[in-house]
Amino acid sequence: MNPSLLQRIDRALRSAVPGLSALVFALLGVVPLHLPVFGPISPLLALIPIYYWAVHRPDLMTFSLAFAIGLVHDALAGAPLGVHSLVYLLCYWAAFSQRRFLAGKGFFVLWWGMLLIAALGVGLEWLVFSVFYARLMPVEPLAFRALLTTALFPLVGGLMIQIHRLMLFQPRSWRA
Amino acid sequence: MKARTRSTVRLIALKSWAHRFSFALLLLAAVGLMMLTKIDTLVVEDVRARVTDAVSPVLNAVSRPAATVATVVEDVRQLSDLRAENARLEAENRALLQYQEIAFRLEAENLSLRALTNYRPDYRHRFLTARVIADGAGAFVRSLALNVGTADGIESGQAVLGGNGLAGRVVQAGERTARVLLITDFNARIPVLLERSRDRAMLVGDNTDRPHLTYLGEEASIAVGDRVVTSGHGGMFPPGLPVGTVVGLDNGLIRIQPFEQLDRLEFVRVVGFEPVDETASMQRGLGGLSFEAMGAVGVEQAPDPAVIEALTRFISFGGTPAAAP
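Chains A and B supply the protein sequences, listed in that same order.
If you count by this note's numbering, then the first sequence holds residues 1 to 176, one letter each, in order.
If you count by this note's numbering, then the second sequence holds residues 1 to 325, one letter each, in order.
To be clear, the hints were calculated from the coordinates, so they are not data collected in a lab.
Heads up, the beta-carbon is just placed ideally off N, CA and C, and yes, glycines get one too.
Some hints here could point you the wrong way.
[What the hints assert, rightly or not] Not the full set, but computed from the structure, chain A residues with beta-carbon under 8 Å of chain B:
(1) Leu28
(2) Pro32
(3) Gly123
[What the hints assert, rightly or not] Chain A stretches covered by chain B per the calculated footprint, using a threshold of three residues with CB under 8 Å from any CB of chain B:
(4) 84-97
(5) 106-117
(6) 129-135
(7) 141-152
I would like the entire structure built from these sequences, with the hints used as guidance.
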């Protein structure tokens, strides 16, 4: 049976959700919050959806999407283009390679994985910036940045879990 | 059946290979992009401007509630020490009123002396107020995106002021957005001078909250608390914009505390700065103040309210501030 137009639109929208959610958090990540001392330790928000979908739906959150979201991040944040593409790509790869271990293991294992990925992401960011500018960048904010990213996982990751559930939901009339 | 399984296995192997290949390719692309950023900033800045322009409506919408929340948080925090704050402000206000009197007097004297000596100011300013719609969000980039662009007359190189002092400079202008490099960014270099001793120096950002001074002459006289202002050398910035105060030595570097709280900027003013057309400068050079008006301000006279108003405008760099779109 050929799917109807509505079903095809529905399917396309569902496939776009992981990419869109990461894009939304990349945008939210650069919104000025006007909070003192927050700037340097602001979390790598887009990393959370990238990590979650790399583990659960690597078919919908691909390498190229992670690359593109990094590019958007760099363009908006004023960083040299390519820095966060590289960071997100490598984090994606790390999460992707561990997905068999992480997927379906429950929330706390996933959260633990987030800590490792956030630490990797922040460390890579520091390394890439240091190489790019050929001098050592300040290391003080790194730990807080990674911890804040991890601390936001229950919120953002929880949202991803809900979205994931919605994606799997099918109206009864459409079931074969 | 067996042939089919084999072809499926081959297909999976091929897919996995393509997957790895795309990963390697994208890694190379990222490194290539970074190298391109390092070599040819024009193309890269164009890409950046286009992306920022494209998402600016979203950022514009999202940054408003964020700013409101931040304001509410700040308001609640301030409620607790309102009384003490009020007493402090009243005392400060009394002191400032005296300074204002002195400033008016000096300004009037200055203006009448300028009229006497036929002094011609060599620049004038235009202002455009803009909203901050995105910030660098990270330890390694100190920059902002504004909701104004070339369509509003913004150009690369223009100075950006907060309410208290210099915040940075426009490094790239898209059609509807502009990017500002803050004075604390690793790449920021601003020619400055010490207001008291008139010694020149270069203000260098290093991604900390306090930039430092370099190229300060050996015989320079410097003390903690000295005010640092833009020198206008190099023709990039108007001279005399307030930057910060000297706070002390740190590992052999002279640190400056910027006047502006750079992590809380919500609105900024972009200063358009143009050399005055020599032939036309006599009447409009001083931000709309005519020579007749200046002549009317005698040093010993009590200042007329209208003149005070005009002078206040002139003191805050003249020109009429244009509203943000």
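Residues of the region 141-152 of chain A with Cβ under 8 Å from chain B, three needed, outcome: Held - the region 141-152 of chain A has 3 residues with a Cβ nearer than 8 Å to chain B, which meets the minimum of three.
query: At a threshold of 8 Å, is the proposed contact between Gly123 of chain A and chain B supported by beta-carbon distances?
result: At 12 Å from the nearest chain B Cβ, Gly123 of chain A fails the 8 Å test, so the hint is violated.
query: Are 3 or more residues of the region 129-135 of chain A near chain B, judged by a Cβ distance of less than 8 Å?
result: Coverage by chain B holds here, the residue count being 3 at a Cβ distance below 8 Å.
task: Count the residues of the region 84-97 of chain A whose CB lies closer than 8 Å to any CB of chain B, then report whether that count reaches three.
output: As far as the region 84-97 of chain A goes, the hint holds, because 5 residues have Cβ atoms under 8 Å from chain B.
query: Hint check: is the beta carbon of Pro32 of chain A less than 8 Å from a beta carbon of chain B?
result: holds, 4 Å
field: chain B covers the region 106-117 of chain A, three or more CB atoms within 8 Å, holds or violated
entry: Violated - the region 106-117 of chain A has 0 residues with a Cβ nearer than 8 Å to chain B, which falls short of three.
message: Please check whether Leu28 of chain A passes as an interface residue: C-beta within 8 Å of a C-beta belonging to chain B.
response: holds, 7 Å
Against the hints set out earlier in the document, violations occur for numbers 3, 5.
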